[in-house]
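Novice: Listed in order, the protein sequences are those of chains G and L. Its first residue numbered 161, the first sequence is counted upward by one per residue in the working numbering. Its first residue numbered 651, the second sequence is counted upward by one per residue in the working numbering.
One or more hints might be untrue.
[What the hints assert, rightly or not] Label pairs and their in silico Cβ distance ranges: (1) Asp765/L <-> Arg218/G: 49 to 57 Å; (2) Ala729/G <-> Thr802/L: 29 to 37 Å; (3) Asp454/G <-> Lys680/L: 37 to 45 Å; (4) Arg834/L <-> Gly873/G: 52 to 60 Å; (5) Pro352/G <-> Gln684/L: 26 to 34 Å; (6) Pro229/G <-> Lys680/L: 34 to 42 Å; (7) Gln684/L <-> Pro229/G: 40 to 48 Å; (8) Phe714/L <-> Arg459/G: 21 to 29 Å; (9) Pro716/L <-> Val189/G: 58 to 66 Å; (10) Gly782/L <-> Pro457/G: 55 to 63 Å; (11) Pro457/G <-> Phe714/L: 22 to 30 Å; (12) Lys680/L <-> Pro164/G: 48 to 56 Å; (13) Pro716/L <-> Arg459/G: 48 to 56 Å.
Hint data in this document are derived by calculation from the structure and do not stem from the laboratory. Yeah, the Cβ is synthetic: ideal placement off N, Cα and C, and Gly gets one too.
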Amino acid sequence: MVEPKAEQIRNERLYRGMGLTDAEYDCIVAQLGRLPNWVETGLFSVLWSEHCSYKSSRRYLKRFPTNGPQVLQGPGENAGVVDFGDGIGIAFKMESHNHPSAIEPYQGAATGVGGILRDIFTMGARPIAFLNSLRFGTLDEAHTRYLFANVVAGIGGYGNCVGIPTVAGEAVFDEVYRDNPLVNAMCVGVLPADGMVRGTASGVGNPVFVVGARTGRDGIHGATFASAEDPHEKERSAVQVGDPFFGKLLMEACLELIATGAVVGIQDMGAAGLTSSSAEMASRADGGIELYLDAVPVREDGMTPYEMMLSESQERMLVVMERGKEAVAEAIFAKWGLPIANIGRVTDDGRLRLWFRGECVADVPVSLLVDEAPVYDRPVAAPAALPGREVALPETFPAPETALRELLGHPSVADKRWIYRQYDTTVKAATRVGPGGDAAVLRVPGTNRLLALCCDGNGRYVYLNPRKGGAMAVAEAARNIVCAGGQPLAITNCLNFGNPEKPEIMYQFAEATAGMSEACLALNTPVVSGNVSFYNESRSADIHPTPVIGMVGVIEDERYVTPNAFQQADHAVVLLGVEDDSLDGSLYWKTLAGQPAGDAPAFDLAAEVNLQNLVHRLIREGRVVSAHDVSDGGLAVTLAELCIGGGMGVVVEAPAGAADLSASQASLRAAGWLFSEAPSRICLEVRPTDVAEVLAAAAEAGVPARQIGWTGGSRLVVRTTCEDWVNVPVAELAQVYQDALPNRMQVPVTPGA
Amino acid sequence: MKWAVVVFPGSNCDDDAVQAVQSFGDEVHKVWHQERDLSLYDAIILPGGFSYGDYLRCGAIARFSPVMQGVREAAAEGKLVIGICNGFQVLTESGLLPGALLRNDHLQFRCELVDLTVHNVNTPFTAAYTEGQTVKIPIAHGEGRYVADEETLRTLERERRIVFTYRRNPNGSALDIAGILNERGNVLGMMPHPERAVADWMGSADGRALFASMRRCAKEAIHVG
Chain G
161 MVEPKAEQIR NERLYRGMGL TDAEYDCIVA QLGRLPNWVE TGLFSVLWSE HCSYKSSRRY
221 LKRFPTNGPQ VLQGPGENAG VVDFGDGIGI AFKMESHNHP SAIEPYQGAA TGVGGILRDI
281 FTMGARPIAF LNSLRFGTLD EAHTRYLFAN VVAGIGGYGN CVGIPTVAGE AVFDEVYRDN
341 PLVNAMCVGV LPADGMVRGT ASGVGNPVFV VGARTGRDGI HGATFASAED PHEKERSAVQ
401 VGDPFFGKLL MEACLELIAT GAVVGIQDMG AAGLTSSSAE MASRADGGIE LYLDAVPVRE
461 DGMTPYEMML SESQERMLVV MERGKEAVAE AIFAKWGLPI ANIGRVTDDG RLRLWFRGEC
521 VADVPVSLLV DEAPVYDRPV AAPAALPGRE VALPETFPAP ETALRELLGH PSVADKRWIY
581 RQYDTTVKAA TRVGPGGDAA VLRVPGTNRL LALCCDGNGR YVYLNPRKGG AMAVAEAARN
641 IVCAGGQPLA ITNCLNFGNP EKPEIMYQFA EATAGMSEAC LALNTPVVSG NVSFYNESRS
701 ADIHPTPVIG MVGVIEDERY VTPNAFQQAD HAVVLLGVED DSLDGSLYWK TLAGQPAGDA
761 PAFDLAAEVN LQNLVHRLIR EGRVVSAHDV SDGGLAVTLA ELCIGGGMGV VVEAPAGAAD
821 LSASQASLRA AGWLFSEAPS RICLEVRPTD VAEVLAAAAE AGVPARQIGW TGGSRLVVRT
881 TCEDWVNVPV AELAQVYQDA LPNRMQVPVT PGA
Chain L
651 MKWAVVVFPG SNCDDDAVQA VQSFGDEVHK VWHQERDLSL YDAIILPGGF SYGDYLRCGA
711 IARFSPVMQG VREAAAEGKL VIGICNGFQV LTESGLLPGA LLRNDHLQFR CELVDLTVHN
771 VNTPFTAAYT EGQTVKIPIA HGEGRYVADE ETLRTLERER RIVFTYRRNP NGSALDIAGI
831 LNERGNVLGM MPHPERAVAD WMGSADGRAL FASMRRCAKE AIHVG
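Take these sequences, add in the hints, and give me the full structure.
Specialist: In structure tokens form, the structure reads like this:
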């Protein structure tokens with residue numbers, strides 16, 4: 161193919177096909193002082209895409225709190241890093257792979273894992289854990305089951321092979337994600353606190369290497385594609401194919417290379433491949449870079465500079481070495497059997513200059529590509545009416561036991577073993593608490609401290625009330641870290657939203673990020689890395705706004721690790737937090753109404769902080785035997801999970817209502833008490849001798865608290881003075897909880913299993 | 651006692667095996683797949699992972715790697731060789747153990763703590779267990795379904811070379827087989843990961859007895875076979 165000439169690109173507006181608007185193209189022409197050629201237009205189109213430039217979100221992201229004594233590296237690098245103590249840094253980041261996963265679920269998910277893995281070891285960190293956050297439609301549809309099964313297989317396929325355990329995650333099933341599933345992958349690594357490597361191309365004359373896989377024609381324009389509506393209309397060829405074996409070798413080789421100290425800068429070739437890695441590395445050094453594209457190892461003959469620059473072939477890195485240390489890199493990559501090629505050098509003229517067959521095929525200012533990418537202040541408009549508020553309360557209520565069974569069997573609540581038994585959760589032999597805990601807990605070499613990890617989001621709350629929902633997502637993640645025995649340190653996030661060109665979507669984004677900021681400040685968990693995924697919509701239906709929080713915390717000592725299952729009979733069960741009976745935003749009401757209903761649950765940030773501080777303190781005082789917070793499905797589900805996990809019953813006394821309630825009012829009150837999702841509540845298992853101390857400490861901290869029952873027996877019983885709301889064998893609930901996903905996925909049952 | 655943990659490109663349980671052995675205070679070295687000489691070592695571990703990406707078939711390429719010459723020689727000398735997970739696959743592909751390991755019957759990867767029965771405690775790998783003991787050891791594999799022809803299975807049974815079986819078969823293995831010995835009794839292949847069950851915090855420490863058995867055997871310089 162003959163590449164169009166610069167004039168033709170302008171006259172026929174060919175740039176539009178690459179995703180550039182007329183205004184953006186005109187801006188490029190004005191800044192360059194000439195028409196960009198085909199290759200240059202391609203460079204701008206990917207770096208100025210929403211995916212790479214964050215042009216719609218940047219002004220909001222700047223408002224996140226990003227500082228704190230624990231922050232070693234905030235946003236702007238390949239991953240954030242926090243100080244874990246004892247000279248250890250924890251690098252972590254989360255990234256979305258929603259659009260590729262909608263088209264090609266196995267490879268979409270696998271390459272999401274591979275990409276985030278490279279972001280972590282690029283920092284010089286040894287990856288030690290994966291987490292993931294998933295959203296799909298409802299499992300009654302065959303296509304959704306296909307997407308779900310293959311995304312899970314893809315995550316496992318990559319993670320298992322590279323030998324890094326997948327230790328925690330979440331999965332939510334709601335019809336709004338039917339055509340646009342969310343696949344967010346998080347990776348966590350450890351590094352010496354003073355041994356961080358950055359993605360910087362500095363030192364004029366230093367050589368630039370491309371290492372790892374050869375460059376092919378796959379994934380060209382993947383970044384642009386991720387920034388477009390309705391990926392179903394796009395081509396599958398824009399989805400890359402991962403090779404985890406290659407990824408594993410690349411990780412080992414890069415970590416070995418970094419350990420030599422001869423690496424100046426290193427960066428993953430993710431979205432926009434060679435273009436973004438070279439331009440961003442030059443930009444961070446305020447310098448330039450010159451590449452000789454004839455030297456790039458390619459998979460097939462006849463690849464053009466345009467194709468090489470825009471390819472998103474997986475498992476590649478760009479490395480800037482100290483001049484004179486070329487042989488060090490070459491020897492290490494030869495040992496691992498990986499291609500390595502010296503393709504360019506660092507300059508100081510601030511330009512990205514590309515050479516091919518003796519000709520200069522592109523010559524543009526780095527700052528124009530990276531730093532001067534357009535920033536949009538997109539129109540923001542609150543919707544005329546907030547959703548959910550008009551939904552009427554149900555007139556009749558299912559029996560509480562029936563409702564509890566239904567919630568426990570809801571795929572969003574049910575046991576996720578069907579998912580995580582497909583992940584290697586114990587490789588590296590450091591998993592202290594794996595999937596199923598409120599947070600995962602890992603041992604970390606070289607310290608007695610343990611690492612607590614979780615990820616959480618709740619699109620339904622954010623949809624009903626973006627500001628409150630955004631804050632609640634951060635609070636829930638922190639609560640989970642605290643329940644596991646930890647102190648929250650910092651967060652990463654994936655902000656999954658609809659089309660930013662719609663003012664009501666930008667309203668959701670602006671409000672949700674503001675809510676997140678408030679919670680991050682209150683809980684002292686700055687944002688150190690993150691990712692924005694817009695255009696999560698299909699056929700004009702936007703997903704629920706779904707910020708997903710990935711949180712890292714520290715557990716000071718093994719003895720503070722706290723389970724989320726009842727441990728012993730005849731222990732007291734103490735509920736910290738209000739005994740709420742509002743159904744606002746609950747899964748219970750949503751299931752009955754067929755849509756999210758009411759406001760998001762009532763939430764008070766100050767109360768949340770008090771609660772978390774109290775539980776953190778009680779755990780350190782050794783007064784908490786087990787702990788589990790109230791979330792999806794309400795208090796009844798929390799109690800059921802504590803019972804199922806512990807293989808033990810509980811008898812709980814609910815407060816009697818007023819005697820003069822009508823039957824319907826009484827049903828509503830029971831439903832509210834059992835299924836309200838009011839946050840900032842934690843159930844504690846406490847030894848009888850510690851109850852008075854726990855209640856006194858709660859009173860002192862201003863946290864409502866009541867001993868609601870006793871562990872023991874084999875039934876989950878919730879009763880008032882006049883009736884039993886729930887009285888059911890735990891074994892029955894366990895079966896509903898454990899069978900829900902396997903039954904829906906109709907997996908062949910293994911003999912005897 | 652000196653242990654070798656073989657590292658193929660794509661091995662990923664090598665560090666775990668090293669740690670497990672070190673927890674006994676023993677000396678252990680990682681040996682890169684391009685080395686041939688394993689004569690310095692008393693026992694050899696082929697760890698789990700995805701050697702050479704498990705392309706073609708699991709373990710199929712690893713069998714050609716230079717280090718396997720050293721493994722064969724060590725086995726021939728009666729030294730202890732244990733292949734765990736991918737290591738088991740490498741041993742069957744190399745012909746050091748009979749049979750083959752195929753895709754799990756449910757076609758999914760499966761990672762969980764499983765119950766195993768120990769069948770023969772008169773082996774260098776199981777002497778510290780008790781006959782018929784149930785032990786908890788995790789599995790993590792997609793291709794762990796042991797198959798062999800009828801005659802081989804009968805021979806394995808008759809010669810008491812089926813050392814571990816699953817209490818609840820997780821993958822469709824013939825005769826619930828989780829681990830088998832070679833004829834001489836000095837080469838063990840098993841799909842479960844004893845190196846991930848060497849401390850209570852891991853959920854089980856039942857794997858310790860396996861390493862303890864091997865140490866006892868090697869220290870007493872018992873020549874196997």
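Novice: Does each hint hold? Answer for all of them.
Specialist: So, going through the hints one by one against the coordinates:
1. Between aspartate 765/L and arginine 218/G the C-beta distance comes to about 54 Å, which sits within the given range of 49 to 57 Å.
2. A beta carbon spacing of about 50 Å between alanine 729/G and threonine 802/L contradicts the range 29 to 37 Å that was offered as a hint.
3. In this structure the supplied range 37 to 45 Å holds for aspartate 454/G paired with lysine 680/L, their Cβ-Cβ distance being about 39 Å.
4. Between arginine 834/L and glycine 873/G the beta carbon distance is about 55 Å. The supplied range of 52 to 60 Å therefore holds.
5. Remark: the range hint 26 to 34 Å for proline 352/G to glutamine 684/L is upheld by a beta-carbon distance near 29 Å.
6. At about 38 Å, the CB distance of proline 229/G to lysine 680/L agrees with the hint of 34 to 42 Å.
7. Here the CB-CB span from glutamine 684/L to proline 229/G is close to 47 Å, well matched to the stated 40 to 48 Å.
8. At about 25 Å, the beta-carbon gap between phenylalanine 714/L and arginine 459/G stays in the expected band of 21 to 29 Å.
9. Distance hint for proline 716/L and valine 189/G: a CB-CB separation of about 59 Å, consistent with the stated range 58 to 66 Å.
10. A hinted range of 55 to 63 Å holds for the C-beta pair glycine 782/L and proline 457/G, which are about 57 Å apart.
11. Remark: the range hint 22 to 30 Å for proline 457/G to phenylalanine 714/L is upheld by a beta-carbon distance near 25 Å.
12. A hinted range of 48 to 56 Å for the beta carbons of lysine 680/L and proline 164/G is consistent with their spacing of about 55 Å.
13. With their beta carbons about 29 Å apart, proline 716/L and arginine 459/G fall outside the hinted range of 48 to 56 Å.
Hints 2 and 13, counting from the list given before, are not met by this structure.
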